[in-house]
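So the sequence shown is numbered by the working numbering: it starts at 1 and just counts up by one.
Calculated from the structure, these hints are not laboratory results.
Idealized CB from N, CA, C, for every residue including glycine.
A few of these clues could be false.
[Said to hold, decoys possible] Computed spacing ranges between beta-carbons, pair by pair: (1) 15 with 42: 41 to 47 Å; (2) 16 with 74: 38 to 44 Å; (3) 46 with 12: 43 to 49 Å; (4) 63 with 10: 31 to 37 Å; (5) 73 with 22: 36 to 42 Å; (6) 46 with 24: 28 to 34 Å.
[What the hints assert, rightly or not] List time: in silico DMTMM-like cross-link candidates among lysine to aspartate or glutamate, alpha-carbon distance up to 20 Å: (7) 25 with 60; (8) 50 with 65; (9) 50 with 60; (10) 25 with 65; (11) 50 with 66.
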Amino acid sequence: MVIQLIIFTVVGLIAGSLMVFDYIKLPALLFGVGHYTVTVELPEAAGLYKTGNVTYRGTEVGRVEDVRLTHTGSRQCCRCSPASISPLISTPRCTASRRSVSNSSR
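Input sequences plus hints: build the corresponding full structure.
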């Protein structure tokens, strides 16, 4: 009985650790490890929204963290993962996807 509890505890700790560090990526969410923030200033928001996907050449590289209005247009803060972008790129250019939040049809 004690051996079964020890095995169950070890397997549970391994599974929990894998879930927290590999699937949820908790250190990256809490401390920003492995990510960088890109701030983009545009003349208009054009349908961007918080938690929208950020893509580079069709590959998802991050998420839109914040969209704010400024006097000259809008400012978007995006959280990108450098592992998703090829190291050969000298100046990464990210594009945030625009989708309609509402489900209205005319």
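Of the numbered hints stated earlier in the document, which are not met by this structure?
none
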